[in-house]
Amino acid sequence: MGSTNSTLLKIPNVEVLMQETGFSPAHIIRLHDRFKALDKEGRGHLCPHDFGAIKELAMNPIGDRIIGAFFSPGKETVDFHTFVKILAHFRPVDKDRPKEPNSPEPINSRSNKLKFAFQLYDQDKDGKISRDELLQVLRAMLGMQVTDEQLESIADRTIQEADLDRDDAISFEEFRKSLEKINIDHKMSIRFLR
Amino acid sequence: MFFDQQKSVMAFLQHFALLLALIIVFSTSCKAVTLEVGSVEVGYNDSSKSSATEDTSTSINGSTDGHAPSVISTLPIVTWKWHHIETPYLVALWILTCWLCKLVCELNHNVTSVIPESGLLIILGFILGGIIWGADKAQTFKLIPVNFFYYLLPQIVLDASYCMPNKLFFSNLGAILIHAIIGTCWNAATVGTALWACYEGGAMGTLNIGPLQFLLFGALISAVDPVAVIAVFEEVHVNEVLYILVFGESLLNDGVTVVLYNVFDAFVSLGGLKINAAEIVKGIVSFFVVAFGGSFLGVVFAILISMLTRVTKNVQVIEAGFIIVLGYLSYLTAEMLSLSAILSITFCGVCCQKYINANMDEKSVTTLRYTLKVMANGSETMIFVFLGVSAIDKNIWVWNTGFILLTIFFVVVFRFIGVFFLNWVLNQSRLIPIDITDQFVMAYGGLRGAVAYGLAALLDEKKIPEKNLMLGTTLIVVYFTVILQGITMKPLVQWLKVKRAAHSDLKLIEKLNNRAFDHILAAVEDICGRIGDNWWTRGWNRFEENYISWLLMKPKARKNRDYLFSIFHKLNLEDAINYVSEGERQGSLAFSRSDEAANVDFKKQFGSEFADVMPNIMVDMSNYELGIEHFSVTSIVKDTIPSVSLDIHGQDRKNAMDDINAHHLLQQHLYRSRKHHRHKYSRSHFSINQNEDEVQEIFQRTMRSRLESFKSTKMGVNPAKKITKHHKKELTHKMPNGHPDGTGHLYGDEVDIAVGSETGAINSTFMRDTYTVGAGIENPVFLPDMDSPTHSPPWLMETEAVAPSQRAQRRLPWTPNRLRRLAPMRISTCSTDSFLMADVSLTLEEHEEHSQTDHVEMRQVFD
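Protein chains in written order, with this note's numbering: chain A, 1 to 194; chain B, 1001 to 1863.
No wet-lab data here; the hints were simulated from the structure. Take these hints with a grain of salt, some might be off.
[Claimed, not checked] Mimicking BS3-like on lysine-lysine, the simulated pairs with C-alpha atoms at most 27 Å apart in a straight line are:
id, chain 1, residue 1, chain 2, residue 2
1, B, K1313, B, K1373
2, A, K187, B, K1499
3, B, K1102, B, K1490
4, A, K75, A, K128
5, B, K1167, A, K181
6, B, K1490, A, K177
7, B, K1102, A, K181
8, B, K1499, A, K181
9, B, K1499, A, K177
[As the list claims (entries may be wrong)] Simulated restraints, written as ranges between beta carbons of each label pair:
id, chain 1, residue 1, chain 2, residue 2, range
10, A, A58, B, F1420, 37 to 47 Å
11, A, G127, B, N1108, 53 to 63 Å
12, B, F1288, A, F172, 47 to 57 Å
Note that the coordinates shown come from a computational prediction; the quantities given were computed from them, not determined experimentally. Idealized CB from N, CA, C, for every residue including glycine.
Could you build all of it, start to finish, from the sequences and the hints given here?
Quick look at the structure:
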């Protein structure tokens, strides 16, 4: 118990962080350990190449985009707070928790989870997934198995399915609508973060 | 309304009278036989004498001798040879009778919507049993365990496992196994013990049953029957997780029950005194060996089947047969090795489905699917009918109120306790907990069925003196659960507001994002540095892709199997078919005429019809809307209309030039004109009869080839689909060439009513427009006044001329209209791995139902 507290004490503003993310102290400590392990040089923040060192992540077809999601535009580093907040997107929704009327929308809400997914596509941050952006993701995920022509037609079809205002791009609203039927809580949650 | 009902009742009575007549004729013939030969053993007839089988053979031999005397005085022209064909004849007659029962049940949807079909079949079985009893004064026919376990059950299990939503099954395998193994053991133990305790307490008077026999009874009564469960849950459409939990559990639980039954049976034979700790340990060990050994054997057979289908492409016609035979062999082999046969065939089906679907030809997959459905549905029907028939037998009814009532009580109560406790344990670690209403339905869905009855009938009277009491009680429990719980299930699900299955359209974007989510979750797990579910999933997928697929899949199938692409391909085909059937319905399929017009017209006309939803084809939408292109488009439409007719034979007589063109064109599209058509019969090659199927022939081939080249310009986008939805209902009434059957039934009456009332007003106006334009089946060639009023405003034309029936005939002609047992896939579109191949249309139909309600809103958009 003593060690738990001492670890927690080392993290600045840990109370606020727990409040915002809904993580338990055990989670915070675990994530902090992981953070320190990733931060091999002990600078207190992580750089993209720290993530790149994770072997499995390097093999992930959209790994670089996910790494990119940890870094806000223009920044080269991510500190522990941001790190935890990003991961909090993947905390399962807890139904038992009493909902305070004035509290802001939790990070792991449905629309925040979707936003996280959306920004992986939307690399130029214009609030829309253009055909090219979609094509890039498709190319990464489908890889060698299909030809470029096929990829393009898949991308077209996908856009058509979601595109309500016919601007040949998917806005977040359209993205959300097209995935209405999907149980996002299920698909974008990780069990051990509960 | 009243008249309707009366009419259907009349129809019902007529059919029923027919059935009765048949039965009476048949049962009197049986009676004649029985009088003549004495105790006759036919397929389902068991006079519960172990030597009956021998009797049959001897009696049949004897009678043949009698009928064909060695010395004949004159040459007989015809002879009466009943005894030659007696057994197969009776079997066939019974099959026919049972299926007719099903037909009778399905006649009236008002009844089936209240009482589940399984319950009705049992009730009809009572009636049949009564007739036989009346004729024979004894129960000559009943379900005997050998027939049930060897000839009726295997195909049901194989079908269920082959159609199992694989992904869903394996992702919930933990929960299913816990429920199936621990839950079953819990039920068996508690029901047995509690009954024994009550017996000791004096609640049942004096019975000759020891504690071990009670446990044995507890084991056999704890079999939750997949047949009954599927039959009921399929009509209820619960959400997919609940469905797979109940379905998977009931399937595996049967296997576990049989194992448990055998262990207890061995204990009973051993006698209470000889049982010591060592024997109990042996019993537990044998339980696991039998259960897991059976499952393992099933996996081995699955591997065999998959490898076999790699090389069967030259014998395509019997390809599907291999799966059935090998599946059956896996069942029998397990039985031979005294492993769990049900578990063996279950795992065989679940494991091999992915590979055989990839390896075999698409036609073979459909064949297999269909054959399994026929067999499973057929034997399921027979089982239920015979469950009813078997009841009408004086011998088995030994009434003991205490025993029977307490059994029902304990069965229900312990099921509830077990399910709630196990779910509570599981919920501690589940990502999405099973909520309380789902748990309730799960517990309530513990229907007992034929497996329990079969096991009870297997009991040895020498070892268990009260066999008949147990048998009778089992039957009562079966009736109680199937009929009573079956009837109350639907209202209960509605009342508890259990989450229903969400019918979602097959959408590329959903599949794409599912893929993306998988990658994201795997990445986040890596970042967190923990080994979680996704790590395992990914590891397995990689292993599967690299090694298992390499071993079990044809190289060709391996190459071309990216999931997203196959979905895309399917959607494409689907749209192509819709487009053609729509065009044909309107009689304006431009590309079936001249070469030159074919390519161009396709594009143009397509554009004119779909321009609003097809920004890619009509490159410049604004132009179109401003009417700049309007003139040319309509003129093309007008030009092409005279040349459209599918009825080419009429025209090619007129004009020699046309004739050449037509032939050229037909050849190009691999379409044979009617006068050249010959009937061919070949045992090993099956070709579609063009005469009947020329319509689908045309659209399949033509569209396949054409759409390949138009891939980038996809058609049939959502808005167009949505407008068309509600017409389907109308079309089935108005169009003789639609598919009137199936619609009402598939969707259930309540949907129709709901949609009807909601959209009635709009329909009436909308449909009027529609039918002046599209005009059902009539060929526009014969509609000279097509052009002026309806074509002039393009926006009107797009919405209303195209709308009515783009999907009206969308159901593929070869697609089963009513494969009702495909429910697993209907409910779970996300585990589409194996189902998508053949059943896309089915899923989509589901959506139509769903999106019918959307059309009001969509229409406003278009207005």
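Outcome of the hint check:
Among the hinted pairs, B/K1313 with B/K1373 is consistent with the structure: their alpha-carbon atoms are about 23 Å apart, no more than 27 Å. Between the alpha carbons of A/K187 and B/K1499 the distance comes to roughly 18 Å, so the proposed pair stays at or under 27 Å and holds. With a C-alpha separation of about 20 Å, the suggested pair B/K1102 and B/K1490 falls inside the 27 Å cut-off, and the hint holds. Annotation: proposed proximity of A/K75 to A/K128 holds, straight-line Cα distance about 22 Å (limit 27 Å).
Under the criterion of a C-alpha separation no larger than 27 Å, the hint pairing B/K1167 with A/K181 is consistent with the structure, at around 18 Å. For the suggested pair B/K1490 and A/K177, the alpha carbons sit about 31 Å apart, so the restraint of at most 27 Å is broken. Simply put, B/K1102 and A/K181 have alpha-carbon atoms about 36 Å apart, too far for the 27 Å limit, and the pair is violated. Restraint check for B/K1499 and A/K181: the C-alpha separation of about 13 Å stays at or below 27 Å, so the hint holds.
Taking the CA atoms of B/K1499 and A/K177, the gap is about 20 Å. The hint holds against a cut of 27 Å. Evaluation of the 37 to 47 Å hint for A/A58 and B/F1420 yields a pass: the beta carbon distance comes to about 46 Å. Between A/G127 and B/N1108 the Cβ separation comes to about 56 Å, which falls inside the hinted range of 53 to 63 Å. For B/F1288 paired with A/F172, a C-beta distance near 52 Å keeps the hint of 47 to 57 Å intact.
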